[in-house]
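Dock chain B against chain A, hints included.
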Amino acid sequence: LAKTTQPISMDSYEGQEVNITCSHNNIATNDYITWYQQFPSQGPRFIIQGYKTKVTNEVASLFIPADRKSSTLSLPRVSLSDTAVYYCLVGDLATGGYNKLIFGAGTRLAVHP
Amino acid sequence: SQTIHQWPATLVQPVGSPLSLECTVEGTSNPNLYWYRQAAGRGLQLLFYSVGIGQISSEVPQNLSASRPQDRQFILSSKKLLLSDSGFYLCAWIASGTGNGYTFGSGTRLTVV
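Residue numbers (our numbering), protein chains in the order written: chain A, 1 to 113; chain B, 1001 to 1113.
Extracted from the complex, chain B is given alone in its bound form:
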């Protein structure tokens, strides 16, 4: 069966520090992968998506970046965090053409102080 792993669950980082969040998917190949961010009490904002290794599309200009070094690995990074980067970060995947929608990871609660 397919599973998605996302870590860490919570993270407190000072302003200006770097960030690296990792997401891995098991039990599938060539998934479409996504990073979303959710501010408190708000909907989900699509940040990046990837349809294959090394292929990254950005939806929102920001100081974040994403990379996909392996088929089932998706990484969200920042060189210098801002206070506004605080939020709930979610990784998701979907197999093209399926009828089961997205599968989301458990999320990372990032607080920038």
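Chain A extracted, bound-state conformation:
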């Protein structure tokens, strides 16, 4: 299983763009990269998923370089409500590798007024 490494915490201000980078040096060929967001006393919520290059949805963008050894979650113009813990995970969707996905400590993002 590919291990992921993220910064423990980040601080930002309202209206700024926030980029959270995750390292996954041992990512396997069939692994996808998925990011989750968790608010206190709630379950994590799926944000975005990708395999390579760039993925964008209404919430965030995910940038994955060609070697796929890292990925960057980009949150445009954050607001106070984006204060949460963000988790990066890698796993194989097709063959059941998701059966053993492990959540690390995540990145605690604090957005200030």
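Because the hints were derived from the structure by calculation, they are not lab data. A virtual CB, placed ideally from N, CA and C, is assigned to each residue, including glycine. It is possible that part of the hints are untrue.
A few chain A residues that don't get close to chain B, going by computed Cβ distances all over 12 Å [as the list claims (entries may be wrong)]:
1) THR21
2) SER41
3) PRO44
4) LYS54
5) PRO65
6) ALA66
7) GLY91
8) HIS112
Computed from the model, here is a short list of chain B residues facing chain A with C-beta under 10 Å [claimed, not checked]:
9) LEU1011
10) VAL1012
11) GLN1045
12) PHE1088
13) PHE1104
Relative to the frame of chain A, chain B by itself:
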């Protein structure tokens, strides 16, 4: 649409008492089901996962057990709770091969006193 139900939301139990937490999923069939535990300020720890009725895999040795008596029902149990069992318990499901990641329940805050 698919939904996941988890109850109760909060629970205070004395040491040595039994535990039963239930999770049900609606709107899908043959989901992969998971139990996670989160200690205060920590990441999520995978406890059990199940790929089908009666099929349970344990990730961490402990005094907890899990069962899957029906396709969309996942139960976490203990015969005798320990203080260290306190935490935030989350049930999650995923459909194999999909691109939407886990869907988590709302969680149960268990306090063992």
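Hints, verified against the model:
1. THR21: holds, 18 Å
2. SER41: Per Cβ check, SER41(A) is inside 12 Å of chain B; nearest 7 Å; violated.
3. PRO44: violated, 6 Å
4. LYS54: Correct as stated: the minimum Cβ-Cβ distance to chain B is 15 Å, above 12 Å.
5. PRO65: holds, 20 Å
6. ALA66: About 21 Å separates ALA66(A) from the closest Cβ of chain B, which puts it past 12 Å; holds.
7. GLY91: violated, 9 Å
8. HIS112: For HIS112(A), whose nearest Cβ neighbour in chain B is about 20 Å away, the distance exceeds 12 Å, so it holds.
9. LEU1011: violated, 14 Å
10. VAL1012: violated, 15 Å
11. GLN1045: holds, 8 Å
12. PHE1088: Where the cut-off is 10 Å and the nearest Cβ of chain A is about 7 Å from PHE1088(B), the hint holds.
13. PHE1104: Holds: closest Cβ of chain A sits about 3 Å from PHE1104(B), inside 10 Å.
Of the hints listed earlier, those the structure fails to meet are numbers 2, 3, 7, 9, 10, in rising order.
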